[in-house]
Amino acid sequence: MDIALVSRDGKKITEPGGQDSPLAIRGLTVSYGEKPAVFSVDMTVEAGKMTAIIGPNGAGKSTLLKAALGVVPAVSGRVQVFGKPIARQRGRIAYVPQRASVDWDFPTRVIDVVLMGLYREVGLLGRLRGRHVKQAEACLDRVGMKDFAHRQIGQLSGGQQQRVFLARALAQGADLYVLDEPFAGVDAATEKAIIDVLKALRAEGKTVVVVHHDLATVAGYFDNVFLINTRKVAEGTVAEAFTADTLHDAYGGRLATAQIAQVAG
Amino acid sequence: MGSEFVPLSLPPLLIGAFAAVACALPGNFLLLRRQALIGDAISHVALPGIVVAFLITGAISTWPMMIGAAGAAVISVVLIEVIRRLGRIEPGAAMGVVFTAMFAGGVLLLEQTDTSSVHLDVEHALYGNLESLIWLDATGWGSLLDWDALRHLPPELPRIAVTLLGVVLFLWLFWRPLAISTFDEGFARTLGLRTTALGLALVVVAAIAAVAAFDAVGSIIVIAMFICPPAAARMMTNRLGVQVAWSVAFALLSAVLGYVLAGYGPLWIGMYDAVSAAGMIATVSGVILALTAVFGPCRHRAGAPAGV
Numbered sequence: 001m002d003i004a005l006v007s008r009d010g011k012k013i014t015e016p017g018g019q020d021s022p023l024a025i026r027g028l029t030v031s032y033g034e035k036p037a038v039f040s041v042d043m044t045v046e047a048g049k050m051t052a053i054i055g056p057n058g059a060g061k062s063t064l065l066k067a068a069l070g071v072v073p074a075v076s077g078r079v080q081v082f083g084k085p086i087a088r089q090r091g092r093i094a095y096v097p098q099r100a101s102v103d104w105d106f107p108t109r110v111i112d113v114v115l116m117g118l119y120r121e122v123g124l125l126g127r128l129r130g131r132h133v134k135q136a137e138a139c140l141d142r143v144g145m146k147d148f149a150h151r152q153i154g155q156l157s158g159g160q161q162q163r164v165f166l167a168r169a170l171a172q173g174a175d176l177y178v179l180d181e182p183f184a185g186v187d188a189a190t191e192k193a194i195i196d197v198l199k200a201l202r203a204e205g206k207t208v209v210v211v212h213h214d215l216a217t218v219a220g221y222f223d224n225v226f227l228i229n230t231r232k233v234a235e236g237t238v239a240e241a242f243t244a245d246t247l248h249d250a251y252g253g254r255l256a257t258a259q260i261a262q263v264a265g
Numbered sequence: 001m002g003s004e005f006v007p008l009s010l011p012p013l014l015i016g017a018f019a020a021v022a023c024a025l026p027g028n029f030l031l032l033r034r035q036a037l038i039g040d041a042i043s044h045v046a047l048p049g050i051v052v053a054f055l056i057t058g059a060i061s062t063w064p065m066m067i068g069a070a071g072a073a074v075i076s077v078v079l080i081e082v083i084r085r086l087g088r089i090e091p092g093a094a095m096g097v098v099f100t101a102m103f104a105g106g107v108l109l110l111e112q113t114d115t116s117s118v119h120l121d122v123e124h125a126l127y128g129n130l131e132s133l134i135w136l137d138a139t140g141w142g143s144l145l146d147w148d149a150l151r152h153l154p155p156e157l158p159r160i161a162v163t164l165l166g167v168v169l170f171l172w173l174f175w176r177p178l179a180i181s182t183f184d185e186g187f188a189r190t191l192g193l194r195t196t197a198l199g200l201a202l203v204v205v206a207a208i209a210a211v212a213a214f215d216a217v218g219s220i221i222v223i224a225m226f227i228c229p230p231a232a233a234r235m236m237t238n239r240l241g242v243q244v245a246w247s248v249a250f251a252l253l254s255a256v257l258g259y260v261l262a263g264y265g266p267l268w269i270g271m272y273d274a275v276s277a278a279g280m281i282a283t284v285s286g287v288i289l290a291l292t293a294v295f296g297p298c299r300h301r302a303g304a305p306a307g308v
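Just so you know, the protein sequences line up as chains A and B, in that order. Quick note, the first sequence lines up with residues 1 to 265 if you use the UniProt record's numbering. Quick note, the second sequence lines up with residues 1 to 308 if you use the UniProt record's numbering.
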């Protein structure tokens with residue numbers, strides 16, 4: 001198949017390689033207004049690993065994932081999930097948006113939010129059964145929030161809200177977990193609970209992609225990194241791609257050399 | 001018993017109640033999506049469209065009215081975009097200008113045209129004509145089973161009843177996607193839900209309810225019912241389904257209590273004339289909102305999330 005697909009910078013968009021890659025992005029460009037937020041980015045996520053997406057503020061980290069999952073429209077680019085178009089793989093993806101992107105005053109309880117994760121299973125008009133509720137409760141248990149099932153979501157702390165979002169993703173029973181800044185503004189206990197769950201998912205063979213902002217924890221939490229600053233800067237294992245050079249390329253003058261030396265291997 | 005109530009009070013009561021519920025139901029979702037003023041906007045913008053539709057067809061009937069209102073809505077959207085771009089002002093200001101201008105234009109059109117043959121005048125646009133929607137063929141409760149009498153029901157009654165049925169059907173069918181996409185649109189999209197189409201459908205359903213209700217009960221009730229019962233209901237509960245149930249109860253209470261108070265209230269305090277039922281229904285809904293704002297169990301914003 002040789003369709004002349006050309007990305008924004010004139011280079012031909014190739015078929016996403018690595019047929020079994022959980023998430024393969026080619027030539028993705030996203031623009032809010034005139035300036036592109038993400039420009040002609042290629043990304044191939046390695047299966048069964050935890051990948052951090054790293055870059056300075058406004059570098060397009062969240063936008064890259066949102067566009068790849070169809071949350072925001074892309075100008076150009078192709079995305080394949082486990083080797084197929086995303087529309088046919090919705091059931092294999094669980095997405096955790098930024099906590100601040102929703103109104104936590106919404107009239108709903110914790111358990112109802114987790115049950116949203118079962119939408120594809122329950123369907124438009126299917127009846128919620130006891131086993132669905134049990135399933136949702138088990139997911140809450142995994143993130144240590146079982147006792148909060150009947151609380152209104154606005155009564156939770158930021159960290160607790162983040163854990164409820166993770167429980168909803170668990171309820172989806174996906175193979176690819178995409179999380180947008182799950183550690184932003186959460187307490188230490190929540191951070192530990194979340195990373196434990198993510199590592200458990202990896203142990204089950206699931207793939208985890210996380211937009212991450214804390215450079216100090218990258219090496220401890222993740223297998224792979226993807227550095228972006230509107231364009232892709234580097235991609236690979238932490239040892240290969242998370243170096244003083246790549247960090248300097250991604251952050252420019254925004255990180256002092258001493259800071260870079262501290263976090264990069 | 002019934003020989004006066006059925007022909008004179010039952011039809012306006014039912015029309016008022018159906019209109020109130022038809023507007024309050026989508027109002028719940030509009031409120032949670034921070035689009036509560038869409039009801040307000042629709043009822044302002046629809047007026048010139050309805051008047052023009054009347055001028056062209058010479059009668060008040062459902063389809064021309066709906067098409068006229070829809071046409072006026074499209075013109076408004078274009079005008080808002082033009083003003084926003086050319087004037088480089090924020091969309092809220094552009095909307096404010098267009099909505100009031102459209103409504104004022106509708107009022108002027110009404111005054112300049114001869115609509116005396118039908119119940120379409122400035123007052124009607126605001127208050128509707130609830131009190132005049134009587135059923136003269138009815139002689140008592142038995143008439144509800146009398147086909148000949150039923151055929152002469154005010155046409156507004158079946159019209160608003162069918163509209164209400166459509167609104168209920170839409171919400172029942174799309175309850176889950178609506179709830180999910182109202183709470184978390186990004187997540188809803190990753191589930192494969194078509195959130196843009198769903199949001200548009202909600203606004204269209206609200207617009208149909210507004211135009212159908214507008215004809216019978218005027219714009220005051222429409223504006224009040226989109227906001228007051230859902231807002232009051234939100235303060236009674238922290239669950240979406242329960243909130244919608246409360247909003248229906250409050251809408252019904254406003255309609256019935258407002259109608260009765262408008263008819264008999266002035267007599268009780270020694271005045272002789274009844275007051276506008278539409279005005280009273282809207283007022284009652286406002287009072288309910290005020291009461292729930294003071295005494296409702298869930299009126300406080302739940303504790304702000306720690307560490308945002």
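Since the hints were derived computationally from the structure, they do not count as laboratory data. Glycine included, C-beta positions come from ideal geometry on N, C-alpha and C. Just to be clear, a hint being listed does not mean it is correct.
As the list claims (entries may be wrong) - Per the computed footprint, the stretches of chain A lying under chain B, defined by three or more beta-carbons under 8 Å from a beta-carbon of chain B, are:
#1 65 to 71
#2 81 to 93
#3 97 to 110
#4 206 to 217
We went through each hint and held it up to the structure:
Evaluation of the coverage hint for the region 65 to 71 of chain A: fulfilled, as 4 residues show C-beta separations to chain B shorter than 8 Å, against a requirement of three. With a threshold of 8 Å between beta carbons, the proposed coverage of the region 81 to 93 of chain A by chain B holds, since 3 of its residues qualify and at least three are required. A stretch counts as covered by a chain when three or more of its residues have a beta carbon under 8 Å from one of that chain; for the region 97 to 110 of chain A and chain B the count is 12, and the coverage holds. Counting residues of the region 206 to 217 of chain A whose CB lies closer than 8 Å to any CB of chain B gives 0, so the stated coverage by that chain is violated, three being the minimum.
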